[in-house]
Amino acid sequence: MMRIPCPYCGPRNSSEFAYKGESRPRPEVGSVTPAQWRAYLYDHANPEGWVAEGWYHRAGCRRYLKVERHTLTNEVRSVTPAARP
Amino acid sequence: MSAPSAPAAGVAVSGGRRLAPREGEVIDRGAPLRFRWDGREHSGYRGDTIVSALLAGGVTVFSRSFKYHRPRGVLSASFVDPGCTLQVGDEPNVRGGHRRVEPGMNVRPQNVWPSLRFDAKSANQLVGRFLGAGFYYKTFIKPERLWPAYEQVLKRFATGGKVSPQTPHGVYDKRYAHPDVLVAGGGPAGMAAALGAAEAGAAVMLVEEDYDLGGHLRWGDASQRALAAELVAAVNAEAGIEVLTNSVVTGRYDDNWVAVCQRRHPDRVGGGFGPAGSPVIERLVKARAGGLVVAAGLIERPYVFEGNDRPGVMLSSAARRLVKLWAVRPGSRAVVLTANPEGDAAAEDLASAGVEVARVLDARSGGDVVRALGARDGSLAAVELGDGTRVACDLLVTAVGWSAPTSLLNMSGDRPVYEPRAARFLPGGRLPAGVYVTGGLAGDASAERLVEHGRAVGAAAARGEDPAGVEALGVDEHPEIFRGRTHGMVDFSEDVSSKDLVAAAGEGYDSIELMKRYTTVTMGPSQGKLETVNAVAVLSEATGRSIAETGTTVWRPPYAPISLGALAGRIHEPVRYSPMQPWHEAHGARPLVAGQWIRPEHYGDPEAEVASVRSGVGIIDVTPLGKLDLRGPDVPELLNLLYVNKWSKLAVGSVRYGVMCADDGVVLDDGVTGRLCEDQWLMSTTSSGAATVWEWAEAWLQTEHPGWRVQVTPVTTAYASINIAGPASRELLGRLCTDVELSGEAFPYMHLRAGTVAGVEGCWMWRIGFTGELSYELHVPAGYGLHVWESLLAAGGDLGVGPFGIEAQRIMRLEKGHFIVGQDTDGLTKALGAGLDWLVKVDKEDFVGKPEIAWQAGERYQRLVGLQPLDGDVVPPEASQIVQGERRIVGRITSSRRSPTLGRSICLGFVEPELAGAGTVVTVLAPDGRRVPARVMEHHAHYDPEGVRLRG
Amino acid sequence: MAESKAGVAGPVARSPIRPSGAPVLVDGWEHDITPPVCAGLRLCDLSWLAKVSLRASMDGATAAGLAVGRGRAARDAATRRLVVGSGPGEWMVIGPQGQGPAIVAELDERFGSAGELVSVVDLTHGRALVRLSGADAVVGVLSKLCALDFSDRAAPDGTALRSSVASLVTDIVRDDLPATLPTTAPAAGGGPGAGGLAGERSYLLHCERSSGQYLFDALADAGRDHAIAVYGATERDW
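Residue numbers (my numbering), protein chains in the order written: chain E, 41 to 125; chain C, 2 to 953; chain V, 8 to 245.
Worth flagging that the hints you see were computed from the coordinates, not collected in a lab.
For glycine and all other residues, C-beta sits at the position ideal for the given N, C-alpha and C.
Misleading hints may appear alongside valid ones.
Derived Cβ-Cβ restraints for the label pairs, each shown as a range [what the hints assert, rightly or not]:
(1) Ala238/C / Gly72/V: 51 to 61 Å
(2) Gln885/C / Asp224/V: 52 to 62 Å
(3) Pro166/C / Met65/V: 33 to 43 Å
(4) Pro45/E / Gly566/C: 53 to 63 Å
(5) Gly50/E / Gly67/V: 21 to 31 Å
(6) Met65/V / Tyr254/C: 52 to 62 Å
(7) Pro45/E / Gly35/V: 43 to 53 Å
(8) Asp799/C / Cys45/V: 50 to 60 Å
(9) Val31/V / Asp799/C: 30 to 40 Å
(10) Val653/C / Ser71/E: 51 to 61 Å
(11) Arg160/V / Ser71/E: 30 to 40 Å
(12) Gly61/E / Asp799/C: 55 to 65 Å
(13) Asp844/C / Arg117/V: 41 to 51 Å
(14) Arg117/V / Glu939/C: 57 to 67 Å
A short list of chain E residues far from chain V (calculated; beta carbon distances all over 12 Å) [stated by the list, open to error]:
(15) Arg52
(16) Asn53
(17) Ser55
(18) Glu56
(19) Gly61
(20) Arg64
(21) Val69
(22) Thr73
(23) Asn86
(24) Pro87
(25) Gly94
(26) His97
(27) Arg103
(28) Glu108
(29) Pro121
Here are some chain C residues the structure puts well away from chain E; computed CB gaps all over 10 Å [claimed, not checked]:
(30) Asn237
(31) Arg289
(32) Glu466
(33) Glu478
(34) Asp664
(35) Ala700
(36) Gln703
(37) Thr704
(38) Pro707
(39) Pro852
(40) Trp856
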């Protein structure tokens with residue numbers, strides 16, 4: 041089981057977290073076209089390599105985190121709060 | 002099986018194969034014991050394996066092979082010995098080469114019918130040509146309707162033992178561990194690694210598959226045994242090392258998450274784990290290791306030639322273990338084929354055990370065996386040598402090379418590479434940080450040098466250093482010997498011969514992964530440990546490619562077979578109870594499992610419960626309703642974002658209904674939120690949505706709107722929630738609540754008040770309800786829940802108050818046409834489809850799901866409607882389709898009940914927009930084929946659509 | 008029910024955990040009074056303790072004022088309250104039975120008026136709280152139910168953690184018991200066990216009230232091999 045180094049709780053088993061998928065910005069609601077909105081909802085890049093994704097530390101600090109993970113090796117190179125600027 | 006005919010002596014067989022006491026033996030001659038084998042009594046000593054005890058008593062055949070039912074004896078005398086899988090009592094698939102014999106054990110052979118000696122299925126040998134590569138795939142395919150029959154046939158021929166449904170429930174345990182260093186393998190290098198790591202300050206877990214530490218030193222010469230004893234003493238003296246024997250590392254996963262199966266059996270003698278008398282049979286240890294040192298050693302490889310699976314043909318390591326550990330003479334007259342020093346030593350060990358060594362054939366200088374010839378019973382009678390001569394013997398020992406059990410390295414990401422000089426695979430150098438290799442897997446050396454290497458690797462693992470700093474082990478030259486001039490067995494577990502492999506390659510299955518799946522080679526219980534390299538070698542020979550080019554199959558967890566009990570272990574399924582649960586249990590509530598909650602479905606008669614509420618008053622336990630305490634100046638912003646309707650102007654003391662959608666416009670949850678005071682709100686959610694909505698709110702606050710000043714505290718189970726429903730609910734509540742004016746004018750519908758109920762301060766009362774009657778939802782500090790519940794029932798006796806359950810509530814809400822998220826909506830139901838046009842406010846700047854819901858208005862979508870079958874006695878099952886013509890689906894029934902209030906069936910369902918108009922008659926197709934005409938109603942509500950009753 | 012209206016017979020509060028024997032009413036709460044035994048592994052219910060949650064910014068004035076870092080717990084000797092840094096911007100104050108409203112009022116007054124957004128919520132009724140004590144607490148129970156490392160090195164006395172215990176989200180506080188019953192409060196300013204005496208290994212565990220019985224049963228079941236003793240809490244347990 042991969043381990044995620046939580047910035048608040050330290051390294052924890054990934055089973056403590058809920059996977060929230062690739063991080064994608066939510067389009068501006070006022071001006072978005074259906075195609076853009078549905079790309080936001082349903083299109084996933086799913087690369088082989090580094091990907092930024094959301095994990096929620098459900099059984100820990102209950103913070104939403106942005107995790108940079110390598111999809112081939114499950115190596116995690118950064119974990120930060122998920123707040124968007 | 003009938004009782005033995007000559008019970009007088011007790012011991013039926015005495016082959017006289019037990020040797021005089023020897024240095025290094027692990028049996029305790031002071032502790033003789035008796036057990037049963039195949040219906041007869043046998044004897045052995047404490048420390049014997051089942052197989053060593055039986056062999057000492059003259060038993061040489063332990064099973065029949067998987068496909069051809071050939072007699073099988075000892076091959077490796079270890080856990081992986083394919084012919085020694087036995088049934089012990091109720092326990093199937095016991096590895097007889099490993100498991101220690103215990104007093105009174107009832108051991109039986111598996112895969113024999115009607116008996117081990119006369120096996121009817123051995124006729125398969127005569128038709129062997131039909132059972133070649135891919136036989137099962139080719140034969141049991143057509144016609145498909147016979148698959149169940151084929152299954153019965155195949156099951157009879159499968160090799161497993163028997164599981165008794167009467168077996169008492171065993172205790173299987175699980176635990177987590179956090180060793181700084183975990184060492185897999187307790188041979189010299191593994192023990193040294195554990196010592197090196199512990200000396201560097203690490204907490205170490207040392208795991209050994211056998212019952213004792215020591216590895217191959219245990220059957221070595223005197224100096225090697227002395228070295229083993231020295232290492233074992235040092236390990237035992239080191240407080241920082243936890244030793245798990247009779248345990249196996251079954252897998253390595255991400256970030257050194259290592260699974261260890263700790264085996265123990267109820268009446269196992271001697272050490273173990275847990276306090277004495279612990280009933281634990283097996284324990285799965287989930288270890289998060291800082292460093293993993295793999296010291297799995299080497300496994301001796303069989304030689305492929307005709308008759309290589311006859312009882313009497315065994316590996317040199319098996320012969321040496323039998324002689325030196327258990328003092329058993331493996332045969333009387335032996336031929337030894339040796340290509341290495343271990344084989345040479347085996348010849349000496351046999352001689353020392355009084356075995357007549359008829360010939361020693363040195364494979365390094367052209368010695369070879371062509372075929373093993375059998376006696377009538379199939380066991381070895383003679384060997385035909387390379388020069389055509391025949392030597393009579395009952396034992397043929399081969400020592401033609403070693404295979405590296407690289408499993409744990411592969412699981413760590415390594416791809417071992419073939420080294421032709423050593424005739425085996427070596428680590429490929431692609432290990433992640435934190436995984437180390439030592440011992441025979443890493444190279445060849447003297448015991449002393451292995452210890453030195455292990456110690457250095459262990460220390461590096463403790464310090465998290467790069468293993469490249471440790472001087473590498475070299476490899477010894479070893480001839481490449483895999484198959485001789487004849488064809489023989491490659492996979493002893495699956496009965497796959499080299500001929501099968503060549504045939505498969507000829508049919509085009511010429512990649513090792515394809516060949517594996519087609520022929521099932523390496524797919525049996527030994528999982529490639531004995532046979533992978535031979536299979537690769539035969540394929541490379543058949544295709545003309547090198548072994549390196551051919552490559553190996555991928556090793557995946559588990560490394561060793563693991564029982565389902567160990568995997569199932571301690572199962573954790575949290576349940577939740579309301580504070581009123583003891584009352585429900587005492588009053589005959591039928592329990593309903595709703596997510597983690599156990600709730601009362603009804604107390605005997607749900608329709609009577611409905612009638613009681615509609616005519617008087619009833620109370621229901623709704624504690625599972627989700628509740629979130631919201632505080633902060635930006636709470637209205639949050640509510641406006643999460644709900645599809647508007648929240649900016651909710652006054653203190655008021656509550657409002659809201660629906661949440663996801664960004665795809667699909668209905669997520671609904672509920673009522675109230676403003677308790679100027680800066681405090683209480684949001685309620687559905688019972689099943691409590692956790693989801695909390696996370697949902699946090700998600701939007703933490704990711705999209707971190708600047709909003711809002712704090713969310715979940716208080717779901719801080720309150721016991723009770724809904725008092727029915728025309729007499731005001732009267733009942735008034736009897737227990739003195740500090741709140743309850744009149745319709747003072748406390749109107751969709752408002753809330755704080756007060757004291759039955760002496761309990763700090764209760765919240767909400768005038769809302771799901772049943773359509775005048776009702777109050779109480780939220781009471783949870784510890785007082787049972788007190789208030791019992792007080793309500795005691796206070797309302799004259800009003801006919803009684804409890805009602807989920808079923809009565811479901812009937813009443815359906816009478817009122819309220820949908821339930823997840824019941825009447827699904828993962829595709831967007832807000833407008835659920836009939837929420839009246840609620841959605843698309844003029845809000847933003848809310849979750851807004852774009853999709855705005856676009857939905859211009860789309861064609863099915864509508865939720867109320868439906869009534871024309872025949873009110875027919876209640877169509879939920880999930881019945883609504884069809885047009887023969888089978889065009891135009892909708893579905895989502896909820897359906899008999900309404901005791903209306904005396905007829907009522908439904909909610911989805912229909913195509915053209916059919917949604919009131920009065921349209923649609924056809925409901927029930928699962929049993931009935932066609933039920935039903936009328937679309939004007940309202941979702943079948944009862945009191947104007948809502949007069951609840952506003953009273 | 009006229010008497011309850013008149014306040015004659017007071018309301019009865021109950022723990023979510025069934026007492027092992029007939030309970031006794033102590034200041035309006037039912038208490039288990041099964042006598043403690045001298046066992047290497049013990050478990051008792053403390054759900055009647057006051058439990059107040061406080062949420063504030065992770066690094067604001069309130070955080071500074073509380074002076075208990077995330078992942079730590081500290082006992083206030085004078086008030087016998089334990090302040091737990093349960094998470095980022097999240098604290099739990101655990102105090103003697105009946106003090107919930109007083110703790111809420113005090114925290115509101117101390118931190119609520121400083122302009123920082125602070126939520127003080129009385130969760131006395133919302134959390135089940137138990138104490139697991141004894142030298143075997145880790146090997147006999149916690150290591151079977153929770154994947155965290157509870158060694159002294161990783162989680163010494165005064166450590167606060169939240170994780171999954173028996174698949175249930177649970178807060179765990181290492182709160183060793185004094186070696187003997189203290190007649191005076193431990194050294195001022197100290198965390199739990201700061202008195203210098205080697206205390207007895209002990210943990211407080213709390214979870215959502217509705218799962219309290221489940222957690223209790225899971226702990227008791229895991230401890231069976233080590234002969235866990237279930238008893239009614241005593242003065243020493245709080």
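To see whether the hints hold, each was checked on the structure:
Range check, Ala238/C to Gly72/V: about 52 Å between beta-carbon atoms, so the 51 to 61 Å window is met. For Gln885/C and Asp224/V, the hinted distance range of 52 to 62 Å is satisfied, since their beta carbons lie about 54 Å from each other. Our hint of 33 to 43 Å for Pro166/C and Met65/V is violated, since their Cβ atoms are close to 56 Å apart. Between Pro45/E and Gly566/C the beta carbon distance is about 34 Å. The supplied range of 53 to 63 Å is therefore violated.
Distance hint check for Gly50/E and Gly67/V: the Cβ-Cβ separation is about 23 Å, which falls inside the suggested range of 21 to 31 Å. Distance hint for Met65/V and Tyr254/C: a CB-CB separation of about 33 Å, inconsistent with the stated range 52 to 62 Å. About 46 Å separates the C-beta atoms of Pro45/E and Gly35/V, a value consistent with the hinted range of 43 to 53 Å. Restraint check, Asp799/C to Cys45/V: a C-beta distance of roughly 54 Å satisfies the suggested window 50 to 60 Å.
The supplied range of 30 to 40 Å is met by Val31/V and Asp799/C, whose beta-carbon atoms lie about 33 Å from each other. For Val653/C paired with Ser71/E, a C-beta distance near 37 Å fails the hint of 51 to 61 Å. The given range of 30 to 40 Å is broken by Arg160/V and Ser71/E, whose C-beta atoms sit roughly 55 Å from each other. Judged by the Cβ atoms, the range 55 to 65 Å given for Gly61/E and Asp799/C holds: they are separated by roughly 58 Å.
For the pair Asp844/C and Arg117/V, the beta carbons lie near 43 Å from each other, so the given range of 41 to 51 Å is met. Distance hint check: the CB atoms of Arg117/V and Glu939/C are about 58 Å apart, consistent with the given range 57 to 67 Å. At the 12 Å boundary, the C-beta of Arg52/E falls inside the reach of chain V, the nearest C-beta of that chain being 7 Å off. For Asn53/E, the requirement that its beta carbon stay farther than 12 Å from each beta carbon of chain V is not met, with the minimum near 5 Å.
At roughly 7 Å from the closest C-beta of chain V, the C-beta of Ser55/E falls inside 12 Å, breaking its exclusion from the interface. In this structure Glu56/E is not separated from chain V by more than 12 Å, as the shortest Cβ-Cβ distance comes to only about 6 Å. Chain V leaves Gly61/E outside its interface by the beta-carbon criterion, the shortest separation being 22 Å against a cut-off of 12 Å. Every CB of chain V is more than 12 Å from the CB of Arg64/E (nearest about 25 Å), matching its label as outside the interface.
Against the 12 Å criterion, Val69/E stays outside the reach of chain V, whose nearest CB is about 27 Å from its own CB. At the 12 Å boundary, the C-beta of Thr73/E stays outside the reach of chain V, the nearest C-beta of that chain being 37 Å off. With a cut of 12 Å on Cβ distances, Asn86/E stays outside the contact zone with chain V, its closest approach being about 28 Å. With a least CB separation of 30 Å from chain V, Pro87/E remains clear of the 12 Å interface cut-off, as annotated.
In this structure Gly94/E is separated from chain V by more than 12 Å, as the shortest Cβ-Cβ distance comes to about 17 Å. Listed as outside the interface, His97/E is inconsistent with that label: its C-beta sits roughly 9 Å from the nearest C-beta of chain V, within the 12 Å cut-off. Under the 12 Å C-beta cut-off, the non-interface status given to Arg103/E relative to chain V is violated; the minimum distance is some 6 Å. Distance check for Glu108/E against chain V: the nearest CB is about 20 Å away, which clears 12 Å, and the non-interface claim stands.
Under the 12 Å C-beta cut-off, the non-interface status given to Pro121/E relative to chain V is violated; the minimum distance is some 9 Å. Every CB of chain E lies more than 10 Å from the CB of Asn237/C, the least distance being 32 Å, so the non-interface label holds. The beta carbon of Arg289/C is not kept farther than 10 Å from every beta carbon of chain E, the shortest such distance being approximately 7 Å. No Cβ of chain E approaches the Cβ of Glu466/C within 10 Å, the least distance being about 19 Å, so the stated non-interface status holds.
No beta-carbon of chain E is positioned within 10 Å of the beta-carbon of Glu478/C; the least distance is around 36 Å. Interface exclusion of Asp664/C from chain E breaks down, the closest Cβ pair being 6 Å apart, not more than 10 Å. At the 10 Å boundary, the C-beta of Ala700/C falls inside the reach of chain E, the nearest C-beta of that chain being 6 Å off. Distance check for Gln703/C against chain E: the nearest CB is about 4 Å away, which does not clear 10 Å, and the non-interface claim fails.
Here Thr704/C does not stay apart from chain E, with its beta-carbon only about 5 Å from theirs, under the 10 Å limit. At the 10 Å boundary, the C-beta of Pro707/C falls inside the reach of chain E, the nearest C-beta of that chain being 4 Å off. Look at Pro852/C: its CB is around 5 Å from the nearest CB on chain E, not clear of 10 Å, so calling it non-interface is violated. Distance to chain E contradicts Trp856/C as a non-interface residue, since its nearest Cβ pair spans about 6 Å, not more than 10 Å.
Of the numbered hints given earlier, the model fails hints 3, 4, 6, 10, 11, 15, 16, 17, 18, 26, 27, 29, 31, 34, 35, 36, 37, 38, 39, 40; all others are met.
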